[in-house]
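Using the sequences provided together with the hints, build the complete structure.
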Amino acid sequence: GDSVTQMEGPVTLSEEAFLTINCTYTATGYPSLFWYVQYPGEGLQLLLKATKADDKGSNKGFEATYRKETTSFHLEKGSVQVSDSAVYFCALSDRGSNDYKLSFGAGTTVTVRA
Amino acid sequence: EAGVTQFPSHSVIEKGQTVTLRCDPISGHDNLYWYRRVMGKEIKFLLHFVKESKQDESGMPNNRFLAERTGGTYSTLKVQPAELEDSGVYFCASSQILSSYEQYFGPGTRLTVT
Numbered sequence: 556g557d558s559v560t561q562m563e564g565p566v567t568l569s570e571e572a573f574l575t576i577n578c579t580y581t582a583t584g585y586p587s588l589f590w591y592v593q594y595p596g597e598g599l600q601l602l603l604k605a606t607k608a609d610d611k612g613s614n615k616g617f618e619a620t621y622r623k624e625t626t627s628f629h630l631e632k633g634s635v636q637v638s639d640s641a642v643y644f645c646a647l648s649d650r651g652s653n654d655y656k657l658s659f660g661a662g663t664t665v666t667v668r669a
Numbered sequence: 854e855a856g857v858t859q860f861p862s863h864s865v866i867e868k869g870q871t872v873t874l875r876c877d878p879i880s881g882h883d884n885l886y887w888y889r890r891v892m893g894k895e896i897k898f899l900l901h902f903v904k905e906s907k908q909d910e911s912g913m914p915n916n917r918f919l920a921e922r923t924g925g926t927y928s929t930l931k932v933q934p935a936e937l938e939d940s941g942v943y944f945c946a947s948s949q950i951l952s953s954y955e956q957y958f959g960p961g962t963r964l965t966v967t
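Line by line, the protein sequences are chains A and B. The first sequence lines up with residues 556 to 669 when you count with the working numbering. The second sequence lines up with residues 854 to 967 when you count with the working numbering.
The hints are simulated quantities; they were obtained by calculation from the structure and are not laboratory data. This one's a predicted model, so the numbers in the text were calculated from it and none came from an experiment. Don't take each hint at face value.
Unchecked claim - In silico EDC-like links for lysine to aspartate or glutamate, alpha-carbon gap of 16 Å or less:
| # | chain 1 | residue 1 | chain 2 | residue 2 |
| --- | --- | --- | --- | --- |
| 1 | B | 897 | A | 654 |
| 2 | A | 607 | B | 955 |
| 3 | B | 897 | A | 649 |
| 4 | B | 897 | A | 557 |
| 5 | B | 907 | A | 654 |
Next up, the structure:
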């Protein structure tokens, strides 16, 4: 079945540091890939997505590139802020299925210190 | 436009009791999903409605869980009787038919079974 493995946390960084969260996946079909973010006290929000190989998703300074050859979708941000403190989830949706359900990783808690 | 709402935000019940969680999707979204995150682990799919019909309920853990979506609007998830391992955060998400890969999540219901 489909599965997602992401870097375990927690991750603690200083402001303006570089952030990378690794994510690899296993899928039987040709998935779409996502990063969701959950800020403290809030629900999950879609951060970025990529639907085919070599696509780069980007939003709020975050980027991730769909690498089919390495089955990866690593999240990066060049200079984090305190407001980026959140839990980040990598996820996939198998477009070959007819329900588009999401398979998630375990989440990575990121804390950015001023 | 109102987002996905869930009620209650937090529920504490004793083992053996019954709890009903409610989800109101974004108006016009035919797809409704339930997910669960247990003990800080990955978020797992429970089931998927298309309008009032269950499209996929392969993630429902056992027959103590009953989901309904009468009239294709809001949905309820009943746990009866609740067990300790049911504790976790229950998320609801909705999406439109034509862009089903992009799901919008509610804030979640934190269920604690003591």
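Here's how the hints hold up against the structure:
{"no.": "1", "hint": "B:897 x A:654", "verdict": "holds (14 Å)"}
{"no.": "2", "hint": "A:607 x B:955", "verdict": "holds (15 Å)"}
{"no.": "3", "hint": "B:897 x A:649", "verdict": "holds (15 Å)"}
{"no.": "4", "hint": "B:897 x A:557", "verdict": "holds (12 Å)"}
{"no.": "5", "hint": "B:907 x A:654", "verdict": "holds (10 Å)"}
Of the numbered hints given earlier, the model fails none.
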